[in-house]
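Novice: Chain residues, written in single-letter form:
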Amino acid sequence: METKHGIDAVMLTEADNVATALKDLAQGEEARVGVGERTVLVPVRQVIAFGHKLAVTNIRAGGEIRKYGEVIGRATQDIPAGTHAHVHNVESLRGRGDLEAARKTNAV
Amino acid sequence: MQFKGYARPDGRVGTRNYIGVLSTVVCANEVVDRIARSVTGAAAFTHHQGCGQTPVDLERVNRALVGLGRNPNLAGVLLVGLGCEGVAVEEVAEEIRASGKRVECLVIQEEGGQARSVARGHLLAQELVAEASKVQPSPHPISELVLGLKCGASDTTQGLFATPAVGIVSDTVVAAGGTSVLGEVTEFIGAEHILARHARTPEVAERILALVKRMEDRAKAMGCDMRGGQPTGGNIKGGLTTIEEKSLGAIAKAGTAPVEAVYEYGETPTVRGLVVMDSPGREPEILTGLAAAGCNIIAFATGRGAPQGFPFVPVVKITGNIVTWTKLRDHMDCYVGTIMEGTESLPSAGRRLFEELIEYASGRLTKAEISGYSNSMDIYVTGPVI
Chain U
391 METKHGIDAV
401 MLTEADNVAT
411 ALKDLAQGEE
421 ARVGVGERTV
431 LVPVRQVIAF
441 GHKLAVTNIR
451 AGGEIRKYGE
461 VIGRATQDIP
471 AGTHAHVHNV
481 ESLRGRGDLE
491 AARKTNAV
Chain C
366 MQFKGYARPD
376 GRVGTRNYIG
386 VLSTVVCANE
396 VVDRIARSVT
406 GAAAFTHHQG
416 CGQTPVDLER
426 VNRALVGLGR
436 NPNLAGVLLV
446 GLGCEGVAVE
456 EVAEEIRASG
466 KRVECLVIQE
476 EGGQARSVAR
486 GHLLAQELVA
496 EASKVQPSPH
506 PISELVLGLK
516 CGASDTTQGL
526 FATPAVGIVS
536 DTVVAAGGTS
546 VLGEVTEFIG
556 AEHILARHAR
566 TPEVAERILA
576 LVKRMEDRAK
586 AMGCDMRGGQ
596 PTGGNIKGGL
606 TTIEEKSLGA
616 IAKAGTAPVE
626 AVYEYGETPT
636 VRGLVVMDSP
646 GREPEILTGL
656 AAAGCNIIAF
666 ATGRGAPQGF
676 PFVPVVKITG
686 NIVTWTKLRD
696 HMDCYVGTIM
706 EGTESLPSAG
716 RRLFEELIEY
726 ASGRLTKAEI
736 SGYSNSMDIY
746 VTGPVI
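Residue numbers (our numbering), protein chains in the order written: chain U, 391 to 498; chain C, 366 to 751.
If we strip away everything but chain C, and leave its shape as in the complex, we get:
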């Protein structure tokens, strides 16, 4: 099986063919929005970071911007900065250019304000789109898929149908030589020992445990205990018995493949197979992190129905809850409640879901793309805003 995608100069393959208008700092968001809104084929990425932060966070923002710019779903990039931000705009541009893409920079203070920046940005974006649209989609092997994994707005059905079905999809992509990226480290708590056992090497296992400890230590520094009180009273009432069970319901979306490597937030995997990336579970940060890691498609398992998408990566919504499937049909893409209804087994639902994912990778629009509910984005930071 193959998917129809866009070959990029660095050898990676996009499932979409946008040009990205990326804000390097919170202060440039207005200009980015105005430019992207007026140009067909342009996707805006805005966020709340890029200045007044600790060096650790600024480095993370730099890395995320480079990763986003290099994402194969973008054919070209227009970076928009204010001019006095902490992010090193030219360095980010150079690193994105190294992937063979055309990158243009626009600095609001140099252009002479918003109106002039928008005017020139509009023209640059149009040029970039004209070039991008020359690239024709062609068939590519599944090994070129970089699948991002996400779950959220959970209910009882999510861990029983949606995440296990996504786990089968992830295993299928990995078995075909592709890559699957698991984030949401906060969801590992209580089952990190199990995930660590699935690590390819003892070093990878150590890094998984270290990621969870680091996430917990950050919470502890704020006086919060993320482990205590889990599962919650509501979880227990709903039938969840232990923290292991709760966390396994989330980790199930990563299937059964061994974990090959562990990466920092927004870092691009250098190996294929299942990898773990440091990230919290909240939608804007994890979706951005997965996009920065180079994911060209994201599978999002949900119970109660999460509508969020991302500007230039298709986010495929999968639910096993018939009420969500019917009531939120404008936001849901795939249904696996068939397992409960007895018309499909879990393995066959997983196979069908994989085929549907290939359709979405090949250009079928997700509901988030159709509805424009696709601006769930922000860069994850851990330090204070200064």
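Only chain U is shown next, with the shape it has when bound in the complex:
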């Protein structure tokens, strides 16, 4: 799809730290990331497939991943800006029996 005059990726709110690619992004290109009325440029440091997310800021290991202005998971390792944020470096905080068990142990 032609997105030359449009945006290459979208952030749902200003509070987000990831953007979703609206086309396959090549390493080395500058992605035009739309957020609200603005467009920001993010250098792409890794191939990002359509529909996948890239970090728009440097996210430290253990840091929150924010999309829709909400926390969608936690970084399991550092995720530099412009790189792929997905299941290999992001974990869910929901439906985690191990975390729930740890919480119960801590509560006791």
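Check each hint, because a few of them may be wrong.
Below, computed lysine-lysine pairings styled on PhoX-like, alpha-carbon distance capped at 25 Å [what the hints assert, rightly or not]: (1) C/Lys692 x C/Lys732; (2) C/Lys499 x U/Lys413; (3) C/Lys369 x C/Lys732; (4) C/Lys578 x C/Lys369; (5) C/Lys369 x U/Lys413.
Have a look at the derived ranges for each label pair, beta carbon to beta carbon [unchecked claim]: (6) U/Gly418 x C/Ser736: 45 to 53 Å; (7) U/Gly426 x C/Glu496: 48 to 56 Å; (8) U/Asp468 x C/Ala541: 41 to 49 Å; (9) U/Glu420 x C/Thr597: 26 to 34 Å; (10) C/Gly593 x U/Glu404: 29 to 37 Å; (11) C/Arg462 x U/Gly453: 32 to 40 Å; (12) C/Ala541 x U/Gly426: 17 to 25 Å.
Partial list, derived from the structure: chain U residues whose beta carbon lies under 7 Å from chain C [claimed, not checked]: (13) Gln436; (14) Val437; (15) Glu460.
By construction, these hints were calculated from the structure, which means they are not laboratory data. Note that this is a predicted model, so its numbers are computed, not measured. For each residue, glycine too, the CB sits at the ideal point set by N, CA and C.
Given the structure of chain U, go ahead and fit chain C onto it with the hints provided.
Specialist: Frame of chain U, contents of chain C only:
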């Protein structure tokens, strides 16, 4: 801004001016269809419930029928029953009458079968339409809108453009003093804690969490786990990383307003603002539930293209997918792929979508109404059929 609607005796406002021919039981559907088909201005509501069910489900069917009958898009109601069903027809009629509407009842066993029922029903429906057509539309404030929210047949664009744009519309309606109804409790799973944080009070938060637990417990009782395996392998391949992200994509259509209250399926909200209603996500049940809750318009965000509408409530289809917009243009009403094309920002697409919604509320026909693809209806039940 105002919309053109039909004032009803109970103070509510319809966006359409039908008379409803409502089946009280699955066994009366044939007669309902025949009557409604032959009368201009009559909308048929048929379903598969109303008898041979648990008391809990029968109560839910009663509540849904009362809610549907009271929906402000109906000026009058003709209830059609068989005569031996579990639904208390006269009680349903009385409760609808309490809203000030004329309600007629037709019982097939008393009338003497299908042909006699259809003949008298035809005449009654014509009388009701003649009365209904006297009501002229007039301007009403946005606060009289009761917006139903729905999404389905999703793709990558849906949670990025369509549901966030609908979220802006919902926020706009709520900010103007209107009501917005979020169902599809199954879609909350994984993000229910986030929705609960948006609750006005701790009690409302508790009820949101309880709704999700109840929905999951029903699935577990059938040996199904709705949470495990989410997001699916296909979702992950498509770029979705966590269950929170997937569910937020659906909840985004409810915008950022606080959740004021939680209601049972088909219950009419007694407060304004954003409310949550218990309902599954499947089209016939959620569209019926939203109509029973009194929604006078429904915003339906879709990716791959869902064509379903409802007999007497306009269902506005919104997509951000250019392929769906072009290929399914006979079913899609609004396009928000402009965000991706760079000709509109999300906030401006949301504002435009709100204006288009007001046009549809004011009588512009949706594609589902034009094509007649508007019979997606059934009442949600949870128990066995006996």
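Novice: Hint by hint, note whether the structure agrees.
Specialist: Consistency of the hints with the structure:
1. Of the supplied pair hints, the one linking C/Lys692 and C/Lys732 holds, its CA atoms being roughly 14 Å apart against a limit of 25 Å.
2. About 54 Å separates the Cα atoms of C/Lys499 and U/Lys413, which puts this hinted pair outside 25 Å; it is violated.
3. For the hint pairing C/Lys369 with C/Lys732, the CA-to-CA distance comes to about 19 Å; that is within 25 Å, so the pair holds.
4. Restraint check for C/Lys578 and C/Lys369: not satisfied, since their Cα atoms lie roughly 40 Å apart, outside the 25 Å limit.
5. Under the criterion of a C-alpha separation no larger than 25 Å, the hint pairing C/Lys369 with U/Lys413 is inconsistent with the structure, at around 41 Å.
6. The hint said 45 to 53 Å for the Cβ distance between U/Gly418 and C/Ser736, and at roughly 47 Å that hint holds.
7. A beta carbon spacing of about 49 Å between U/Gly426 and C/Glu496 agrees with the range 48 to 56 Å that was offered as a hint.
8. Range check, U/Asp468 to C/Ala541: Cβ separation about 45 Å, and the 41 to 49 Å hint holds.
9. Checked against the hint of 26 to 34 Å, the C-beta distance between U/Glu420 and C/Thr597 comes to roughly 33 Å, which is consistent with it.
10. Taken as a hint, the range 29 to 37 Å holds for the pair C/Gly593 and U/Glu404, whose Cβ atoms sit roughly 34 Å apart.
11. For the pair C/Arg462 and U/Gly453, the supplied restraint of 32 to 40 Å is violated, since their beta-carbon distance comes to about 60 Å.
12. For C/Ala541 and U/Gly426, the hinted distance range of 17 to 25 Å is satisfied, since their beta carbons lie about 21 Å from each other.
13. A hinted interface residue such as U/Gln436 counts as satisfied when its beta carbon comes closer than 7 Å to some beta carbon of chain C; here the least separation is about 14 Å, so the hint is violated.
14. This hint is violated: U/Val437 has a C-beta 13 Å from the nearest C-beta of chain C, more than the 7 Å allowed.
15. With its C-beta approaching chain C no nearer than about 5 Å, U/Glu460 sits inside the 7 Å limit, and its interface hint holds.
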